[in-house]
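Heads up: the protein sequence lines correspond to chains A and Z, in order.
Going by the working numbering, 480 is the number at position 57 of the first sequence; the sequence numbering is gapless.
Going by the working numbering, 167 is the number at position 73 of the second sequence; the sequence numbering is gapless.
Incorrect hints may have been included.
No more than 25 Å apart at the CA atoms, straight line, and that leaves these computed lysine-lysine pairs for DSS-like [as the list claims (entries may be wrong)]:
# : chain 1 : residue 1 : chain 2 : residue 2
1 : A       : Lys782    : Z       : Lys209
2 : Z       : Lys310    : Z       : Lys104
3 : Z       : Lys136    : A       : Lys679
4 : A       : Lys464    : A       : Lys647
5 : Z       : Lys104    : Z       : Lys181
6 : A       : Lys782    : Z       : Lys99
7 : A       : Lys572    : A       : Lys534
8 : A       : Lys746    : Z       : Lys209
9 : Z       : Lys104    : A       : Lys737
Listed below are several chain A residues computed to face chain Z (Cβ distance under 8 Å; list not exhaustive) [unchecked claim]:
#  : residue
10 : Gly651
11 : Trp703
12 : Lys723
13 : Arg734
14 : Tyr738
15 : Asp745
16 : Ala763
17 : Ala765
Since the hints were derived computationally from the structure, they do not count as laboratory data.
Values in this document were obtained by computation on a predicted structure and should not be read as measured data.
The beta carbon of each residue, even a glycine, is placed where N, CA and C say it ideally should be.
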Amino acid sequence: MDKRESLWEAYLKRGFSRRSFLKGCVALTSLMGLSTDMLSKVVEAAETKPLPVVVWIHGHECTGCDESFIRSASPLASDIVLTNIALEYDHLLSAACGAPFEAHLDEVINKHNGQYILAVEGAVATKDSGVYCMSGGHTFTHLLSKAAKGAAAIIAYGSCAAYGGIQAASPNPTGSAGISNFVGGKPVVNVPGCPPIPEVMTGVVMHVALFGTVPPLDGDGRPKQFYGNRIHDTCYRRPFFDAGMFAETYDDAGSKAGWCLYKLGCRGPETYNSCGNLRWWQGMSYPIQSGAACIGCSNKNFWDEAPFSDRLPKYGKLGDADKIGVGLGVLTAAGVGAHAVASIIQRNRRDNLMEEEHKD
Amino acid sequence: MKSVKDVERKEYYLFSPFLRIFHWIMASQIVILFVTGLLITKPMNVATTEPTFSITSMDLVRDIHFTAAFIFCVAFILRIYGFIINKGDRLFPRFWEGHFYSETVDVALHYMLLKPHHAPFLRNPLARMSYAGLYVLVAIEILTGFAMYFMTSPSTTGGILFGWVNTILGSEMMTHYVHHYVAWFIILFAIGHLYMVIRAEFMEGESEVSSMFSGKKVLAHTPKDANELE
Numbered sequence: 424m425d426k427r428e429s430l431w432e433a434y435l436k437r438g439f440s441r442r443s444f445l446k447g448c449v450a451l452t453s454l455m456g457l458s459t460d461m462l463s464k465v466v467e468a469a470e471t472k473p474l475p476v477v478v479w480i481h482g483h484e485c486t487g488c489d490e491s492f493i494r495s496a497s498p499l500a501s502d503i504v505l506t507n508i509a510l511e512y513d514h515l516l517s518a519a520c521g522a523p524f525e526a527h528l529d530e531v532i533n534k535h536n537g538q539y540i541l542a543v544e545g546a547v548a549t550k551d552s553g554v555y556c557m558s559g560g561h562t563f564t565h566l567l568s569k570a571a572k573g574a575a576a577i578i579a580y581g582s583c584a585a586y587g588g589i590q591a592a593s594p595n596p597t598g599s600a601g602i603s604n605f606v607g608g609k610p611v612v613n614v615p616g617c618p619p620i621p622e623v624m625t626g627v628v629m630h631v632a633l634f635g636t637v638p639p640l641d642g643d644g645r646p647k648q649f650y651g652n653r654i655h656d657t658c659y660r661r662p663f664f665d666a667g668m669f670a671e672t673y674d675d676a677g678s679k680a681g682w683c684l685y686k687l688g689c690r691g692p693e694t695y696n697s698c699g700n701l702r703w704w705q706g707m708s709y710p711i712q713s714g715a716a717c718i719g720c721s722n723k724n725f726w727d728e729a730p731f732s733d734r735l736p737k738y739g740k741l742g743d744a745d746k747i748g749v750g751l752g753v754l755t756a757a758g759v760g761a762h763a764v765a766s767i768i769q770r771n772r773r774d775n776l777m778e779e780e781h782k783d
Numbered sequence: 095m096k097s098v099k100d101v102e103r104k105e106y107y108l109f110s111p112f113l114r115i116f117h118w119i120m121a122s123q124i125v126i127l128f129v130t131g132l133l134i135t136k137p138m139n140v141a142t143t144e145p146t147f148s149i150t151s152m153d154l155v156r157d158i159h160f161t162a163a164f165i166f167c168v169a170f171i172l173r174i175y176g177f178i179i180n181k182g183d184r185l186f187p188r189f190w191e192g193h194f195y196s197e198t199v200d201v202a203l204h205y206m207l208l209k210p211h212h213a214p215f216l217r218n219p220l221a222r223m224s225y226a227g228l229y230v231l232v233a234i235e236i237l238t239g240f241a242m243y244f245m246t247s248p249s250t251t252g253g254i255l256f257g258w259v260n261t262i263l264g265s266e267m268m269t270h271y272v273h274h275y276v277a278w279f280i281i282l283f284a285i286g287h288l289y290m291v292i293r294a295e296f297m298e299g300e301s302e303v304s305s306m307f308s309g310k311k312v313l314a315h316t317p318k319d320a321n322e323l324e
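So here's chain Z without its partners, still in its complex pose:
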């Protein structure tokens, strides 16, 4: 293998700053939310004989959790703005287009190591589906989270806006369970996501990783979804 290759590649500007900033806020807040969330379910043992001033303060852990949750939700507004102004930010899987299904099978076969390649994509259909799935998980977390948060005073606006979640799930304890379980699924997604991104970078060299900083991807072949940017 040669260390310097002369390959012609085309540069595509995909992700607006709004999506990128949102992505990193979301990623960091998920880590914070997950760790503090586990600590809220199972608080640390009191380590000192005089626990009043210990760092195990549940109040503090909860405040960090709630603050991170609000930052997370505010960052979502950036995401929505990016979606409006920039076509490259629109990652929803195109279920309504026939070729979506054959392309998904193509990518899936490659991921199952049954095909050496898959067709070039700017944002491949399986990845898009995983993001749609993640957004569903995130929506569940936001709804169940606020349903618990605002029920300190059920008659207020927040309680009325989110109280129905507890009714649908049957009880508030169930809301806690759902919130907790879905958090684990988000972490499983994160492991898979991290791997797939690094793998794509490694296999195709299309700057998958740096695109989340620069917003650009470089491809040697014309991607099948290039027309979506026009």
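With the rest of the complex left out, here is chain A:
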């Protein structure tokens, strides 16, 4: 694949019409979260930009993000992989394996130095020189820094690559961390989520592919078009929250009526993701819609913020902060009461002494 073809050329080769190409561009535009007046730019890019080479590596993780990715429906993940990008290396989706496969990685990295997109799934295991995550006979840290060196841009797919993920939960035995400190200052697009929404995954890689730049990012390195709002602020159950209509348990009438799950520990008010507007599986549903409180899987440290079923953590028999607060308040009041009594005794003693001195 010496001359890399553009998307338009790929369409032509497959005998698709100009009309279906334009339809594809319209779909891509909305998929990337862009306004429709960007359409002409998308068409231009799709006509001229060669298909981007993508190297996709996997670290300390469960490959659940791939499971999500292959369920993307618009565009189909198969279209992305076979038509829209040139996926040269992927631990999970590639048919090849063994030494030739690893050799191919080196070849791709050298040939497209400075041009390919590096997609990373999974955390970096840092403890004990990184031996807890090995790939092709080397530590994952080695693979990551090798692949990151020549990358044009890096996409961190999933909460593991972005923040360390569930294996970074306390006490974090493998020293798992996000990839940002191991890529030598290359621009990283964080696409957190456990897993991220399929269409968000495809949308981000298409943005980088078509425009050659990373999408507009927020302070945390996340694409604004997908992580610009809290789930709470886009949730269809928000009116129930505002009206004070809450499910108290998972089997009460409020829960059955689809009321707000805030009191059941829903993390929607703290979580930035597109679940509320894009939803999952072609807009079919998302956790809150199916009656489960959000656990905030796209948040940093969400794994250490148990219980997911309550607003405040509990401290054993002491209860939560409110219970402890009331206890401390009562104790303080009792303390100052006792101090007041003691102070009165002290003052009376002092006054008596002074009066006696006065008489003398």
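Assemble chain Z onto chain A, guided by the hints.
Same frame as chain A, now just chain Z:
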């Protein structure tokens, strides 16, 4: 004990109206903020079968909380103005002066009931330290509060000004926790503060309580920090 005593006392004008007005706005808003804050964390159960028009409206409770928060912050400007124009309003503990430490020990020993008196002060060093502590708590509440409030749209000015708080604390849920826990510490401070003020009034009769209305304190002995007013 005689009911009428002939004691010579000196009157000191300490607190400007700006500090006093700020104090009462702050006190009232803290009560409102605390109650509504608890209701936001744990909303009331829906009491009626048709809850749409019930008084448990979360929207209303949140609006009251936010309004009180803004009044609180605006009142802070009065406090700062008072600090600038009036020396009596400057309550920061004077850590940089050597006698501060011996005086603190002196007052602490009296509060531990180990000494019958402490030296007379217009604003004693332990009280000043507790106010400095309160301001730290209040600052945390303001920062974490706006960090949550403005993140409905993280790209706007407010989001940029306060968004870093969430980053420092690690996650936005942690911001909620910190905001909630610190609120309880402010209430514990309030209990102690209320007691200490009434106790000082009772023990020394130096019009500790009414000074927050009139701005004046009356002392029989020359207070050690009188020179700070000059």
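Checked hints:
no., hint, verdict
1, Lys782/A to Lys209/Z, "holds (23 Å)"
2, Lys310/Z to Lys104/Z, "holds (10 Å)"
3, Lys136/Z to Lys679/A, "holds (20 Å)"
4, Lys464/A to Lys647/A, "holds (19 Å)"
5, Lys104/Z to Lys181/Z, "holds (18 Å)"
6, Lys782/A to Lys99/Z, "holds (16 Å)"
7, Lys572/A to Lys534/A, "holds (13 Å)"
8, Lys746/A to Lys209/Z, "violated (36 Å)"
9, Lys104/Z to Lys737/A, "violated (53 Å)"
10, Gly651, "holds (7 Å)"
11, Trp703, "violated (22 Å)"
12, Lys723, "holds (5 Å)"
13, Arg734, "holds (5 Å)"
14, Tyr738, "violated (12 Å)"
15, Asp745, "holds (7 Å)"
16, Ala763, "holds (6 Å)"
17, Ala765, "holds (5 Å)"
Against the hints set out earlier in the document, violations occur for numbers 8, 9, 11, 14.
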